[in-house]
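Protein chains in written order, with my numbering: chain X, 86 to 452; chain F, 3 to 162; chain S, 199 to 807; chain W, 72 to 241.
Calculated directly from the structure, the hints in this document are not laboratory data. Everything hinted at is true.
Straight-line distance between alpha carbons at most 27 Å, and here's what the computed DSS-like set of lysine-lysine pairs gives:
#1 S:K403 / X:K406
#2 X:K376 / S:K383
#3 F:K125 / F:K146
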Amino acid sequence: MSKSYELFIGPNHPGIPGNFSLKIELEGDTVISAKGDPGYLHRAFEKAMEGRYYIQNLALIPRICVPEPDINEAAYAMAVEDLMGVEIPERAKYIRTIVLELARAANYTFWMGGFAGTLGLYTLAQWSFGDRDYALDLFAEICGARVYHMYIWPGGVRRDLPPGWEDKLLGYVKYMKERLIDYDNIFFKNVMFKYRTKGIAVVTKEQAIEWGATGPILKAAGVAQDVRKDDPYAAYEYLDFEIPTLTDGDSWSRAMIRRWELENSLNIIEQAVKKMPKKGPVWEKMPNPLKWYVPEGETYAKVESARGEHGFYMVSDGTGKPYRVAVRGASHTHMFTIAEKVLIGQRLADVSHILVSLDVCPPEIDR
Amino acid sequence: MMDIVDKIKGIEGVKVTVQRENRIFVDVSEDKVISTLYNMKLIGFHQLSVQNVIDRIKDNKFEIFYVLYSREYKINAIVRTWIDRENPVIKTADKIYPSAHTWEREISEMFGIKVDGNEDSGKPFILENWKDLPPMRKDFDSVKYSSEHFVFRHSEGENE
Amino acid sequence: MNIKEYEKGSFLKPLTSVKYLFKKPHTLRYPKETKPVADRFRGLHINDVDKCIGCGNCRDICPCAAITMEKASKIGRPIEIDKKGANPVRPKIDYGRCSFCALCVEMCPTGSLKMSKDLIYTSPDAEAFAWVPLEEQGREPGFIQDNEITPLMLEAQEMEELEPEVRKRSFEEMILGFSEEQARKEAMRCLGCGICMQGCPAHMKIPEYIQAIFDGDHKKSVKYMLEDNVLPGICGRICTHRCQDDCVYQYRGAPIHIMWLKRYATDQLEDYKDVNIEKMPATGKKVAIIGGGPSGLSAAYHLSTMGHSVTIFEQKNRAGGALATGIPLYRLPIYELDKEIGNIESMGVEIKTNVKVGEDVKFEDLLKEFDAVYIGIGLSYGRSINLKGEEHPDVVQAIDFLRQVKVEGRRDITKHVIVIGGGNVAMDVARTVARLQEINYQSKDTTVETVSLEDWDIMPASQEEIDGALEEGVIFNPAWGPNQVIFNEDGSIKGLEVKKVKYVFDENHRFNPAFYEDQKKIIYGDYIIESVGQMYNFSFIPKELMEQLKFTPRRKVWVDEYGETSIPGVFAGGDIVETSKGDAISAIANGHRAAIGIDRFLHGKSRRG
Amino acid sequence: MEKMTEEQVKSIANMLRKRSLWMIHYCTGCGAMELPPTMTSRYDMERFGLAPYVTSRQADILLITGYLNVKTLRRVITVYEQMLDPKYVIGFGSCTLNGGVYWDSYAVIKQLDRYIPADLYIAGCMPRPEAVISAFRHLMELIDSGKADGYKRYKRNLAYYKENQRKVLG
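Same shape as in the complex, but just chain X:
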């Protein structure tokens, strides 16, 4: 009879994607049960938002998800616009699309580094973190901050694009496309990557649907579900793109989906820049922030984040502050419903890369 033992991973652990901990039970080096322990990043966003004016929440929302803050801004803005019945200007829609896709691309680049890191292939980490930095500099030029942009706000976007920014953006897209070949060579076509990830942590199509997976996990299992296609927001309905799917549902497929989506994002950016109206308003005038009373009602606004469906359920009671905002982060389901089940039967050495492969983002779980 072999004896099982318990192991705590995190919150201080290099294999944990953020401040999060995991209690796993092992037999030998095989996981027999796993239990997540969140709350290390709990900042009480939902409570804090109830106490602030609609515009003041602009400072809070990007902080819900650190690697990709713009989805929060977009979903929040869409929820407020929906309650107020505001239609945003055409150019703003395209700018939002560009910003969201750039953020998605930056997030996948960042994710690749982390993922390669957990597999011990640090070169890609060095490259991709460095390349993401150029995207952050692009963000700084449109809105003045590298990480927390606070650029998308209800009614449109906060400033028009600075002159010459589109060219810089297209330059970055071109650069990234060239770099992707190198990324492929060093990582995605690397046999080491294949051996470490093929057949690991399989989420089948049935399981993915049953467990409520969204985003790359679902796509890797063969279901083409994407908010950008199913319920188009911003300018996605005018753009031409495909939802990539694979069938295996293992760690390898998920990584490939993200690699694919990155390329997709770069293509969408190119298209959007080409199709965007060159002039025009970028913001629909909103009321004085201190007297910004949003009509009573409830709404659910969702966007596609790098991890899956990201949504804001917003309730207004007709005053200047939201009555209740509930945030749906894709990681919430991915961590507890999926990772806890998928980890069972895996090797200890794979635990950290499985967590990254499911792209668990703790700030979005804890909020």
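Starting from the known structure of chain X, arrange chains F, S and W on it as the hints suggest.
Then chains F, S and W, alone, in the frame of chain X:
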């Protein structure tokens, strides 16, 4: 769209409101929630996006909502129900939607709602050593709690 | 993407990365190398404290409660403290809170607050992270505000008024008032900073009543108004709105129409029965008020809410003072006056009209009969400029002319009228004349001209009045001073000889006009109305008491901070005291102040016993 | 004579210490987002002899990257106490100073230096990589001059820190 609405209307005891294209509100009484959710899943709402609570303190009720999604019809349906604020108890939906399990853990911690059938209900989840009112309730004052438990660095400016 | 190729995997492909061995690294060797910071970077703040008005809007919008207002004495450099429309405080930012969202910059009404490109600051001292941002700190501006995209609502609602051709035909009220939607939109603009309250002589609770208008609660709104201003509906029409001159929106857009919002709210109420200040129990004390003008009415209202019994002695046939006799009907309809004076009467104030103190009732008797006396007689007599030829019957005083038109129903006028003066009263006269000429002659072959010492830039009349007068066809002769009246051979007036003004104010900024004696012209007209100011008449006060009454160097009645004159128990207010700026709202304000003083006096708390 | 040499030894030790600092790999908050660019090819903090390290016992610097949840605070204190002397703490951004944007949150502590001593703070929310590098260089100066003595203060005022910790952790 309309045939789905008709199908949902066929479920016993529901009140259906179509808010806009692709969004339906389904209001049910407390005792019919689980059967409604079950029927909704049969109709094709396979995914639970979010389940959470709104504290309607004026009506002395908790509003529980389940945002469901159907890929097939591309419709969000929001199932809502209301329970009393005193000794609140709901039944678990994790047999129908496994992801409800975690949302219910969060609800039970943040609102102090007991979830029947969920073995993790009532156990600490996000918070640790929490002794005050469940924090997401409207009668919990976060600013007051912060100033009682933490010390602010004093800034000397005048705040009229 | 060809997935097959990836599925195969390769041992050799990773080796292609060797080529990077021979490439220059892209590492930025900070601090040896730096990269340019984005133009819109949101870094540490910069504030032009001279431009800043300390309104506190940055503090109100800050989501992190990072901004507090520091006293001007502590900001580390001298600033102009008594700047008009400004608080002597400046924002201090706590970088232990700031989230660099730049909402404060977006909301800054003056544009003084900016964010810099600098965000590199480290210190071992946790207390060293809060300071008052200054321009001298030498940071380069980054994120600044944009008038195109700003959360502030810079544009004001347009007020509808009658077209000049239409309004000239009658004395109908020309400003039409806000609709509900307009009022709500205008009220929505208010930031609630309260800078305007300092500008208002009565210090009305402007942010509160605008908020109530925004919430649609007109009763609450008027309740706030009545606390400081007993004639809100009248002020909503004819006020000099100093509050609007201070409104923080003036720097980047149009000030809020505070006055018209006030009018909107009062117009929504039939009467103020439910919103009056609660009356305190009767004290049995009696107060006499001489003069039923705005200051007297204000004092009477507040005294009666304090429980005293009040009697107003008014020499004309209706109360209201200049409001009743001077202000033309097209600006202030008579029903509005009746509504608000009626409200004051409903509080138990007795108004005795057609009683002239000094003739019908002796001032000494009032002093004996009443516990306190308030003098609010105003400046009810026209001032003459000793113009050569002004004794002619066709040279009249503005105040008499306006009274004749408004109260006595005078409608006749000659075809060519000259108005001397450049103040608001002169505008009232000129525009009244324009209406009379339209009524009598359909403006055919008629003229109305004004002559003023002041040039356009220093003309005392408000811009709206000047614009209105111009629209109605009034001809201006600015920077001309009247010399003498020229007569025809038959004794009727031919015109007014005027001379060019060199300057109005001398180098000490004192009123001391000088003229070019060689530059003269004649303005032709057959009727001259003098509108160069008014004066008081204290003949009702007996000589021995008059000697006790102290005056200020500017020939106004001296009063202490509670409105008490040098005669104990005698209070004064309105235009006869120095704190008044010659408008209704100042009179209302010092009437209120005197009411508080009288209440103190009656409770035995007077400073001089 | 002996005392002199001891001082000299100390200053030589400080000089050497500042050139080889290991930073514990613990992302306590969102400020950690700017660390990967700082650590990797773009800004490359290894130029200064700084590198991330995985275990607390071998690390020299503890970065409190932003807000500190009460639940995390308990772990941070453990980590800090596990670290060996000399050890240094850097507070990242607004949140460690006065609560930052979470000033009204029931879950986040407001002042880091009431619970563990901080040697240096960086302004910003979040600080740019340049600011992070500046902070590391500033910390090196402080170590060199012997002013970074947070670990000594912690020992000296242990009762004060423990009392504060007990108050929030319960």
